[in-house]
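Mapping of the sequence shown onto full-length UniProt numbering: residues 1 to 1210, in sequence order.
Derived DEER-like restraints, expressed as beta-carbon distance ranges:
no., residue 1, residue 2, range
1, Ser161, Ser794, 36 to 42 Å
2, Thr960, Met900, 36 to 42 Å
3, Phe488, Lys515, 21 to 27 Å
4, Ala532, Ile605, 34 to 40 Å
5, Glu191, Gly962, 29 to 35 Å
Below, in silico cross-link-like pairs of lysine-lysine (BS3-like), each with a Cα-Cα straight-line distance of 25 Å or less:
no., residue 1, residue 2
6, Lys702, Lys529
7, Lys383, Lys464
8, Lys1025, Lys852
9, Lys852, Lys823
10, Lys715, Lys540
11, Lys414, Lys383
12, Lys823, Lys412
Bear in mind the hints are in silico, worked out from the structure with no lab data behind them.
For glycine and all other residues, C-beta sits at the position ideal for the given N, C-alpha and C.
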Amino acid sequence: MSSSLELRGRPSGRANNRGGGGRDRGRGNAGGSQHGRSAEPQVAYGRDPADDNILQGQGNSGNFPSSTNPSAQRSHYQSSSNNRGNFGPRRGRMTTPHSRPHLQTSGNQADDNGEMNAHLSEKLIASNRPRDKASTSYSGVPRNPLVEQFERALPFSTDGSAPSAWRTFPDVPSTAELMTPEVDVPINDVENPWDSIDEYLGAHYELLREDSFSPLREAVGRFRKEPSMDDEYQICVYENCRIVGVTFANSSGICIKMSFSINRARKRICWENSKRLCPGTLVALTTDNFEKVARVATVAARPMSGLEGALPYGTVVDLLLHPDELELDPTKTWIMVESRSGYFEAFKHTLRALQRMDTNFPLNKILTLQDTTVGVPQFLKEKPEVNLAPCFSDHDSGALQNVNILQNFPSKNKVTTSMDEFQLEAVERILTKELAIIQGPPGCGKTFVSTKSLAAMIANSKGKDPPIIVACQTNHALDQLLRYVIDFEPRVIRLGGRTQDTGPIRERTLYNIRKELGNINVQGSSIHKCRAKFRSLERKARELIERLSERSLTPDNLLLYGIITQNQRDTFHKFTDQWVKLSTGNKESAISPMVAWIGDALIPIPRREDTHFEFEDEDIGVEELKDLEAEFDDEWDGELRGVFVEFIRKTRVLTRPGVTDEIVQHWIKRDNLWDIPEPLRGDVYTRLERLYISAIETEMRKINQEYALNVAEYKIARWEGDAYILQRARVIGLTTTGISKYRSLVAALQPKICLIEEAAETLEGPLIVACYPSIQQLVLVGDHKQLKGHCNVSELEKPPYNLSISMFERLVNNNVEYTMLKKQRRMRPEIRRILMPIYPDLDDDLQVLNMKPIQGMGSTNLFFFAHEVPEEQDELSKKNSHEAQMIVGFCNYLVENGIMQKEITILTFYTGQARELRRLLFRSDRLNKDAKDRIRVATVDSFQGEENEVVILSLCRSNTQGIIGFLNVPNRVCVSLSRAKRGFYMFGNANLLSQASGLWWDILQITNERTPPAIGTTLPITCQKHKSVTYMQYVSDWHEINGGCKSPCGEYLACGHRCTLTCHPYDHDSVKCADQCRRSLSCGHPCQKKCFETCSSKCIMCNPPNQTQYSTYNPNSHMDRLADRLAGVQTTNSNQPIRGPPPTHYQNQTINKPVERLPEQFPALRSAASSQTAQGPPGLYQNAPFNRPAERLSEPFPNIQTAKSSQTAL
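All chains should be built: construct the whole structure from the sequences, respecting the hints.
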């Protein structure tokens, strides 16, 4: 099918009247108006209504319109004719602590600038795909030519001039870049308009590239300073690495399989829960400690079967090298260095997409702040009448069928809806603006607003309209959003990534739909030609690889590659004119004349075993990285698909110390190599072998380059089939990483609308890429006061680079119009109030006003347990063991009072504390460790967008230096305070926090002003049975109770005995009575067993045994020292004044007591009965601004007094 393609632009309807922005940055001037896209009907390539049922759910009567022969007139995206000057942005310099050496590179493939693989990337981009004439006539679905057009797009340039330097960088950083000591990166001005769109794109490209690659460069620099170093927290070193084979993978290329040792970790690795060597990670390889030899490789796969050491060559991983740097030498021993703080795969596709973006991409004037006027989408200008009934399902739909939303959008007082006025305003903005920004604080219904808007968009789309693109930062959030969408639109396809959903979302992944449809024949497709090419190249490559075997190193092969002369070859055959056989006579065991020549210098290679027994600690952030790893392949199962060819070596050649290259070169010139002294033959053999393998590698690299070209061709052919499937959907869901990875595929569908949730958590680069050439409407939903995008290099987060500031935050801060939601529906009011320093205008919806209290806590649903026990430093992070023990004791208490384990989440800012909490929870004998939904321990960053009934926050930090680390980041604090629904409990050093942070001062002041105060050095718990309050201060206090108070239970059991336990909230069905059994046996004698035991059929008195065995069961063994402490229990009746901490006899106890006495200067909370105002800073505190100046922090925090008691708890 042939067609003339043209992507026609729409005029913006306004000129750029703004000046240069007044920034003295040396940027050039880029003129021209903003171009959009036409709203002419879209062509649906290859739609076949016969297959519609695959995307539709049961009961859906809608059908896809068919389009058997799309219009031949399509568009071609016309680049702007704007002239660009020589832009000279101000740049910052980042240095690395190592100098730049001369590098040994394979082949002469570097360009004039030292850039590796420049010639290859040119081939990959510019090669024209030949089409088989016969294939154009066979039956099949029409081919979408835009897939190839976008995928083969050259780096953008204006009027055919040379593209900017940043647009020519290779996809994967080169070996030369790895060793560069200084890196020049541009600044990122987030406060003023950009003078040049190309400069704007280039700045984000270079900053992203530096952020993703810099950690590996720093790791190499650290290794060069200390080559004998063991693993460090952010650096992994793998030694004794050898190539044992190659895999021909159609999806990625020819990959080497490399064995390695984890000896430098000094521990065993639990690979299932480790971030080490995740697919998509960059590693650096060297044979000389990076003096001259260095290679950059991408981890292609880390199959569990290879990592567990089950293979004959030990632990292995699959690596993909630059096509012209392919290594095959199985005799070389490499060192492999990995940085654990960077993940290149997450941004590789974004970088490539930015290089190919036209400077006149949609919305470019607004995004660069050159013109912040937000207009109306072109398709809405042409037809503003829409059906709003899906937005107001609880209103009369007849009155909402044909509403001009530009003039008469319904107001709150005119329609019946569950939406509040702010949500209604947000829906109006999403439906009517070309750029809609919606800020949603915690619990305000961001996803609800997105879903309502999508329902209206889908209801008003026509049969030939392209799919709506929906994206989220994480796979979890994407699955959650798509579940809502499927309720009203089943024609949804999830593109890329692995979903954790086991229901409708999994059924609608592209992978599963592709399997259901079977093979799709695309007219003019080259997929069969690509497969034939793969087979041909594999045959050629295998012939070369066979020559790498030890038996193939023969005089004839050495002569073939010009390594020895004809005379040298003849001397070998003169003395050994045939293969030398071993005594077994086995032909397979034959050795070559060369092996016979070196004699005893050939020895077997012993397999190296890692002998460490202790396991490495689990990576806390492995869940987040696996979420990114899921984008590596939508069909990923951990194994690299393809033909594997093994060439493991079983022997090696001994060389003599002190034998120089000059000596070897002298003897290697002898015509008769048998004249070489036998002690030197090992060194000469090694030289001949290296020359021989190098010659094979040269030929193999040529094949590898052809293979890489065919991989790119095969990708296009597959995507042409996928485009047919995707065009039939109404909604396509993918992550923000997938936006870049599948950009060519999605752009070929010519979408008009793109909605991105969690937009404030995404770096700006991936969101720029979401501006597909055909986009007319971009919706950004998020909250810039919660988590920001993650940067690997902390220096790049700060000015003047500002990489962590998202597009969302930058536009809001520069007064681009947006809507903020202001009513929360998640947390009870007292929890919401501690967020007032961050969200002063946030209000409560009616549904959160009557939440039930937390069982066993009385009216204490919010509390800050204050302590000053010092923090500790573990191997990797911070931890506080005392705080962790208090929290685990509290969790036991909550579970005993009826809170389900899955309803409790423990959050912390530090991985070390999370590790300590998990360890203690596992050791607890009161928790069901086998429960499917047990208590979750998570870092604050990983819990963004989630919630739970009860949240416990472990703040961990407690020191005398005034350092609070992550607790000083307002965005993280905001997330940590806003996850709880019914109960929120904080554990930490209140004194430290109040002095180190203005934000924490505000938060603690709010808790202290409650009646009674929600902060103290003792945690009040309330017995559900006796309504008495007990104050918990020490870890040992939790061992004194059974989930109730300290009074004896005393109730009668079913057997008639009284319960001997202390007060407990659970039923007596689970209590085992240890009193003497009262039942009589058939003989009439009383039973001699304990009451809970089954009566014996034999009477001990009638049949006395030689030795009577008495039961040693202790009914209270699952509790610690309860019975002997009942006498010391002091509780308080609910009708009497609340009494204070435990009596004085606890002062002499040392069990689990963290300190002998809390510091004298620890501020005291006012008592529960006190009506006085807490002493604090002067009256101006009430009007103090958020993040008040440092001088305010010197003021003491209000006195914290313990609850009134006749005795003071120490």
